[in-house]
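**Student:** Chains as they are written, first to last, in numbering that gives the first Met the number 0: chain A, 0 to 92; chain B, 0 to 550.
In short, the hints are calculated from the structure, not lab data.
Just so it is clear, CB atoms sit at the ideal spot from N, CA and C, and this is done for glycine as well.
All clues given are correct.
Straight-line Cα separation of at most 20 Å, SDA-like style, residue types lysine to any residue; simulated pairs:
hint	chain 1	residue 1	chain 2	residue 2
1	B	Lys93	A	Arg62
2	B	Lys93	A	Gly43
3	B	Lys97	A	Gly65
4	B	Lys93	A	Arg48
5	B	Lys93	A	Gly65
6	B	Lys399	B	Glu370
7	B	Lys20	A	Gly65
Simulated restraints, written as ranges between beta carbons of each label pair:
hint	chain 1	residue 1	chain 2	residue 2	range
8	B	Trp519	A	Ser19	47 to 53 Å
9	B	Leu336	A	Glu51	33 to 39 Å
10	A	Gly47	B	Trp519	45 to 51 Å
11	A	Arg37	B	Gly291	40 to 46 Å
12	B	Asp57	A	Asp34	39 to 45 Å
13	A	Arg37	B	Ile311	24 to 30 Å
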Amino acid sequence: MIKPLPITCVPPSAPLDSLSAGESAVVSHVEASDDDMRRLMTLGICTGRRIELVQCGNPMIVRIFGSRLGISRRLASRVMVQQCRHNSTTESL
Amino acid sequence: MTPPTVLALNMIDAADADGIKIDVAGLAIELGCPVIPVSARTGRGIDDLKRALDETLDNHTARNPTTLQAAMACHACAICPFQNRYTWTEGVAKRHAKSKTEKPDRHTEAIDRILTHPVGGLAAFLSVMAVMFYLIFQLATVPMDLIDHLFVTLGSVVAKWIPAGDLQSLAVNGIIGGVGGILVFLPQICILFFFLALLEDTGYLARAAFVMERLMRRIGLPGKAFVPLLSAHACAIPAIMSTRVIEDRRDRFITILIAPLMSCSARIPVYTLVIALLFPRQPGLAALTFLGAYAVGIGMGLLAAFVMKRTILPGEARPLVLELPRYRIPGVRTAFLHMYDQARMFIKQAGTVILLISIILWALATYPKSETPQEVHDMRAEAAQLAAAGDTDGAASLTKEAAHHEDQYALANSYAGRLGRFFEPALAPLGFNWQIGIGIVTSFAAREVIVSTLAVVYGVGSDRAEEEPKSLYDNLRSAKRADGSPVFTTATAFSLLIFYILAAQCLATQVVTRKETGSWKWAALQLVYMNVLAYAASFVIYQTLRACGIS
Numbered sequence: 000m001i002k003p004l005p006i007t008c009v010p011p012s013a014p015l016d017s018l019s020a021g022e023s024a025v026v027s028h029v030e031a032s033d034d035d036m037r038r039l040m041t042l043g044i045c046t047g048r049r050i051e052l053v054q055c056g057n058p059m060i061v062r063i064f065g066s067r068l069g070i071s072r073r074l075a076s077r078v079m080v081q082q083c084r085h086n087s088t089t090e091s092l
Numbered sequence: 000m001t002p003p004t005v006l007a008l009n010m011i012d013a014a015d016a017d018g019i020k021i022d023v024a025g026l027a028i029e030l031g032c033p034v035i036p037v038s039a040r041t042g043r044g045i046d047d048l049k050r051a052l053d054e055t056l057d058n059h060t061a062r063n064p065t066t067l068q069a070a071m072a073c074h075a076c077a078i079c080p081f082q083n084r085y086t087w088t089e090g091v092a093k094r095h096a097k098s099k100t101e102k103p104d105r106h107t108e109a110i111d112r113i114l115t116h117p118v119g120g121l122a123a124f125l126s127v128m129a130v131m132f133y134l135i136f137q138l139a140t141v142p143m144d145l146i147d148h149l150f151v152t153l154g155s156v157v158a159k160w161i162p163a164g165d166l167q168s169l170a171v172n173g174i175i176g177g178v179g180g181i182l183v184f185l186p187q188i189c190i191l192f193f194f195l196a197l198l199e200d201t202g203y204l205a206r207a208a209f210v211m212e213r214l215m216r217r218i219g220l221p222g223k224a225f226v227p228l229l230s231a232h233a234c235a236i237p238a239i240m241s242t243r244v245i246e247d248r249r250d251r252f253i254t255i256l257i258a259p260l261m262s263c264s265a266r267i268p269v270y271t272l273v274i275a276l277l278f279p280r281q282p283g284l285a286a287l288t289f290l291g292a293y294a295v296g297i298g299m300g301l302l303a304a305f306v307m308k309r310t311i312l313p314g315e316a317r318p319l320v321l322e323l324p325r326y327r328i329p330g331v332r333t334a335f336l337h338m339y340d341q342a343r344m345f346i347k348q349a350g351t352v353i354l355l356i357s358i359i360l361w362a363l364a365t366y367p368k369s370e371t372p373q374e375v376h377d378m379r380a381e382a383a384q385l386a387a388a389g390d391t392d393g394a395a396s397l398t399k400e401a402a403h404h405e406d407q408y409a410l411a412n413s414y415a416g417r418l419g420r421f422f423e424p425a426l427a428p429l430g431f432n433w434q435i436g437i438g439i440v441t442s443f444a445a446r447e448v449i450v451s452t453l454a455v456v457y458g459v460g461s462d463r464a465e466e467e468p469k470s471l472y473d474n475l476r477s478a479k480r481a482d483g484s485p486v487f488t489t490a491t492a493f494s495l496l497i498f499y500i501l502a503a504q505c506l507a508t509q510v511v512t513r514k515e516t517g518s519w520k521w522a523a524l525q526l527v528y529m530n531v532l533a534y535a536a537s538f539v540i541y542q543t544l545r546a547c548g549i550s
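Okay, chain A solo, but in the shape it has when bound (with noise of 0.2 Å):
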């Protein structure tokens, strides 16, 4: 058996446009207006959860349980997150 490799956070958070293709990260909060954050929470862009890059661009392409969302750059900038690595042998300490 293979143990999942365990993951930390690290401080401090960035926007969400900031990652590349295929990283993640924990979202730590959102500042958006009224509107937008309940249209963001729907759609499960909400503190906490992990959320993934899968493309690059405007609009880009984000993974968040399960559900692939399409999220333009204006937005994304607005998502704060701390990004999650995984710590394998070389990265880690």
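Could you slot chain B onto chain A? The hints should help.
**Tutor:** Showing chain B alone in chain A's frame:
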């Protein structure tokens, strides 16, 4: 207290296809309510769902879902009501759903790499739209001919029941003709919405909105506005109703305001007529002009949106966030249901308004009644003589000609004719005479009416124009003004084409705009800005062409 609950576990077919096993019994225990796996698309499990609903209703001791209650209570959470729900949902999913495959959306990801690509995605979008519109126009011809034929037959049957006179004319020309003239576009609308529903179900429409977002954002419109703008190429009425998918009020209102600038089906007969006058023997140029007419409509629409976004409804487009669902085989059943809903809405919304407008315009073109001119009496007398002499063919054609002369005379003296004459000074700088003015006035029932109006005004009767459109084109081409110069010069024809691309003439559209925006203000704005735009553009085109020596 939560009322007794039954959980319908939808899209179970998709879960099966992906190899996701759901422990329905375990889920029911955890949630504390019956769980019925269903597929709305295929109809699977719907009977079980009905049975479960009946049982729950009959059985008053049904358990209330305790966990669901707890989950719903998250409304009270101070930090984020959504966060707890998502954590809870994730937990439930982990406990009761087992997936065999690591990444079930592998195919979706591969397809999306092409369909959401900045270049490839746009090429795919244009191809899909081209194929769809080709199919719409191809498939709609037969049912459209059928509907047309049906209303003509209905008209002649009713004409037999009701004695000749105003009532017959109202029933046949006003009501049956007017309603038939709009219902003839129903097949196109149905097919369009059928295809859109299929595309939606495959998951492609979300990608199309995603791709269009890149382009439309520059103008200030959201990518989602493309569906209404696309539908507007069949008819602006269902298009305006379908703007409800746009979340932002300003974005939605601008889409509503510009939708009627897209070339709808009712403009096609007018384009065909004018282009036949312009390029009778150059099919290449004719096809190019046709495409050009569509491009002008789209271009002006986007320009209008650009200007409005910076003036009356300022603000950036609401940024995009939308789900890109898994691709799947579309369900024909749901597409049919969706199409049926849209068709019913179109008939309900447009039907009554169009009926009213048809009756008003019929009255404008019929009243006041004028005396039958002496010329017509002479022709009828001559026809009677011919018939007495045994020349039935000659008599029949002369009678027909007399009837047409009478129609022409009556129309010219009707309120519509007077309005045409009244507006002639205003229309002259666009190259239009009062006969074209009548055509424009009657177009307010529906644009294509100008074709039959011109057929009555110029030479051929409206029946003959339908049987052999060439005779109408020939007559229009040889029509002369009072000073002997031809009416339909290149400059006039181009001016008329531009006018019909841009003008707001379908009053039913304004009524729907009023309904959707909740205020006559927007409907009035739509009517005024489009007609001012049409007038200005026709003026520029006509005067420029004349100045360049093209007439």
